[in-house]
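*Asks:* Chain residues, written in single-letter form:
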Amino acid sequence: MSSRTATPDTEAKAPARRSRVLGTAGRNTGLVLALVLLCVVGVVTAGDRFANVDNVMTILRLASVIGVLSIGMTFVITAGGIDLSIGAVMGLASVWATTIATQTMATDTHWSLMVFVALAVGLVAGLVNGVLVAYGKVVAFIATLAMMAAARGLAEMISNRQTQRVRVNEFLDAFRGDLLGVPVLVWVFLVVAAAGWVLLNRTTFGRRTVAVGGNPEASRLAGINIRRHTVLVYGLAGLTAGIGAVMMLVRTTAGTSTHGQLYELDAIAAVVVGGTLLAGGRGTIVGTVLGVLIFTTLTNVFTQNNLSTSAQAVAKGVIIVVAVLLQQRLAARSRSST
Amino acid sequence: MHASLSLRRRLAVGLGATAALTLGLTACTSNEEPPATTAPAASAPAPAAGGNDEPGDKIVIGFSGPAADHGWLGAINKAAIAEAEKYSDVELKVSEGTNDANLQISHVETFINDKVDAIVLLPTDGAALTDVAIKAMEAGIPVVNVDREFSSTFAARVTVLGDNYGMGVSAGTYICERLGGQSDAVVAEIAGIDSLPLTQDRSRGFEDALKGCGLSVSNRVAADFTIQGGESATAQLLSAAPKIDAIWNHDDDQGVGVLAAIETAGRDEFFMVGGAGSKNVMDLIKSGDSVVEATVIYPSTQAADGIKLARLVAQGRSMGDLVETSVPRKIQLYAPVVTKDNVDEFIGSAFES
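Residue numbers (full-length UniProt numbering), protein chains in the order written: chain U, 1 to 338; chain R, 1 to 353.
The set of hints was computed from the structure by calculation and includes no laboratory data. There could be a bad hint or two in this list.
To be verified - Below, simulated EDC-like cross-link-like pairs (lysine to aspartate or glutamate); rule was C-alpha separation at most 20 Å, straight line:
1. K135(R) <-> D178(U)
2. K135(R) <-> D173(U)
3. K211(R) <-> D201(R)
With these hints in hand, go ahead and build the complete structure from the sequences.
*Replies:* Right, here's the structure in full:
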């Protein structure tokens, strides 16, 4: 809406946007091919053990938690930022929620309070990140690094560094089962991804996110309240960390300050491999989902074949580098074609 | 490391298969089926009534542990794999270790999908893995819980535990005896990861034992079981306490860092008791020219015992040395103190950190 008012930009942007759309489609095809290739490797090396419904669900359940975090990360990176704190915030939210559940929560309190607390903690932590970046003018890398340390420490203080087990069966039963043969957790991931897609591609909020990441100065001149938008984007990432915390609680039935360690890096890797530009200005939810699935399937194929995590880490590194190199190629080509 | 191990194993199986095949061909045995694919097991005799080590039904055991980023955990994995290799009737599936509960849960889910006959699980966090272990048990797969206990009795058929509280007691008792009634002695403690129940148990045991002789912990720091963590925590501890009489360090792996910090600070007015029982600490104890006087053993063969027990449970056997007809539900290992006097007894089975 507001980008339409920036007349000098529109003409130049139209063809660029078209090629960008084509580029995204092309990249997604590449990612799908990579995923298919991985699956072929899985089927060839592990056969029936890999290609059965149970194993696919195992992969999807594992992907769901990191996946939700990655959706939030997609927004932050598209807006030209970075969030190193989401893993720690997830740990904090999980601990806060289980503290409510194990210590404070009276027997007649509904478990939704626990979920609400997790989401609220995530959201608030994200908003604090946003305020630090937007109004405090702290570099995103540093602001979220500080949050990473602080959230982890706070989680240790709240939990007294103990693992807290959730015994609220209604809560676990509500999320642990299947819906139409697919685990509820995977549905949560799908819903978050779908919501993220709509938000990024079909709303003003999404267009502004891309604009802020692509050219902050132009966005400001176009009338976007960049600061407020930045706060909201980080808040969104925090909220996904809160959702991830709830999912982790369902999966582990326990909250601990060590939950989500290094998940921020997994999320960044998935987002970047998915084709979102680390410099900002271009984001793809579909790519992120594919990125998450590629890494999780890779883990599964390695597990099925008894291969070491060290080799897996090397493979992960190679995938990231290859993806980014391809990305630069495509970017260069689309630039030269306009 | 594991890649090469499993490669070696595959190679060994391959060689065994070829050997068996050539043997079969040259000797023209009456065996109709060529034992090429599963050579060692196919030629194995039926289970005998007696000894536990006699080959029995062929079984698949899934093993999953935390990341071997630490000498003791590395030794745990190595011993478990070596134990499984001793049995021709056991096929071991090893999931590479991880410190991520989410990932380890998916490993166990994979074992359930694969319908293994038993699972040996050393969880990154006992509470977090309880649920999936129950799922395995409900699927009819006996779970052997090693070292870090689940939070539900339904989650494991057998639990093999070290004695963390006992480690603290052993260390505290040794320090009490050694300080012999010095009521103003300064005792310091370098713990491991404080969020783990095992650390809390060790500290509780230590405190309780010291109380017995009227002592208490004057300075306590927590490291993270890493050399780096041990070094930095100890450096802080030493600058905070100008004079110390005794130190208990929970873990010999982080002990490498602890000793480095002690050396840097040039301090030797105290003696130190280690934990877990690594080979290099036992060497130091033997040589007698360091501050380390003793260490408390925390066996690194627990997972290997877990494999052994999983095999017996899956094959429906009992434990040879017991009168009991089923494998016990819980086994707790002992935490002896190793000093210069008895180090030779233990050094053979110590792990390299």
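*Asks:* If a hint holds in the structure, say so; if it doesn't, say that too.
*Replies:* Hint by hint, here is what the structure shows:
A distance of roughly 14 Å separates the Cα atoms of K135(R) and D178(U); the hinted pair therefore holds under the 20 Å criterion. Annotation: proposed proximity of K135(R) to D173(U) holds, straight-line Cα distance about 14 Å (limit 20 Å). Only pairs whose Cα atoms come within 20 Å are accepted, and K211(R) paired with D201(R) is accepted, the gap being roughly 15 Å.
When held up to the earlier numbered hints, the structure conflicts with none and fits them all.
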